[in-house]
Amino acid sequence: AQTVTQSQPEMSVQEAETVTLSCTYDTSESDYYLFWYKQPPSRQMILVIRQEAYKQQNATENRFSVNFQKAAKSFSLKISDSQLGDAAMYFCAYAAGTYKYIFGTGTRLKVLA
Amino acid sequence: GAGVSQSPSNKVTEKGKDVELRCDPISGHTALYWYRQRLGQGLEFLIYFQGNSAPDKSGLPSDRFSAERTGESVSTLTIQRTQQEDSAVYLCASSLGGGQGNQPQHFGDGTRLSIL
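Just so you know, the sequences run in chain order E and A. The end of the first sequence is residue 114 by this note's numbering, with every number in the run present. The end of the second sequence is residue 809 by this note's numbering, with every number in the run present.
Calculated from the structure, these hints are not laboratory results. Fair warning: this is a prediction, and the values are worked out from it, not measured in the lab. Careful: at least some of the hints might be erroneous.
[Stated by the list, open to error] Coverage of chain A stretches by chain E, computed from C-beta distances (three or more under 8 Å per stretch; other residues unrestricted):
#, segment
1, 705-716
2, 795-807
[Said to hold, decoys possible] Computed list of lysine-lysine pairs in DSS-like fashion (alpha-carbon distance at most 30 Å, straight line):
#, chain 1, residue 1, chain 2, residue 2
3, E, Lys101, E, Lys71
4, E, Lys74, E, Lys111
5, E, Lys101, E, Lys56
6, A, Lys710, A, Lys750
7, A, Lys704, E, Lys111
8, A, Lys704, E, Lys101
9, E, Lys101, A, Lys750
10, A, Lys750, A, Lys704
11, E, Lys101, E, Lys74
Glycine residues also receive a C-beta, built at the ideal position from the N, C-alpha and C atoms.
Only chain E is shown next, with the shape it has when bound in the complex (with noise of 0.2 Å):
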């Protein structure tokens, strides 16, 4: 069965810094998607990012990259120049091949001024 872990339930980061969530997974197929959703206290998920497994080069979005080792099955995401705004739950979530979605548990991500 595929799963999704995130080992970090809360990360601090100074603002302006850089910070790195980790994401790993259990998966059997080769081709797939990885997504970093960003839900702040507005409770919207919001899409930050998303990987295909198939595409070796990690995806970028302005301050928010992805570092994805296939092999490891590891999809950290990784936020430059952290602003107050990026606070928020992080989840790192799974599809293969379906609509069902696995999500991790989350990431609490503080920003300190």
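Add chain A to chain E, keeping to what the hints say.
Same frame as chain E, now just chain A:
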């Protein structure tokens, strides 16, 4: 255009009452999903609608839970005879096509349900 809209934003009700939660997907999105998020936990899949196909109800936790969708528009999630363990945030999402990874899910703000 408008995003996924959910109502009410918050709902407080007494144990044993029925509640109905509403979701308006993004226009043109054929797929619609309901999730439950208990405090401090990840998202738990409840039900999936895709066009006129039979919905996937495999995530519904009990027969007290049901959902309907009219065509490719509004969906309602109904919980009958609510129990305290039903307290959670209920999130709705929609996507183009089947949402198979290449068509990301877009979420609403959720409904926070509190059962007294």
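Query - Hints breached by this structure - result: Violated hint (a single one): 1; every other hint is consistent with the structure.
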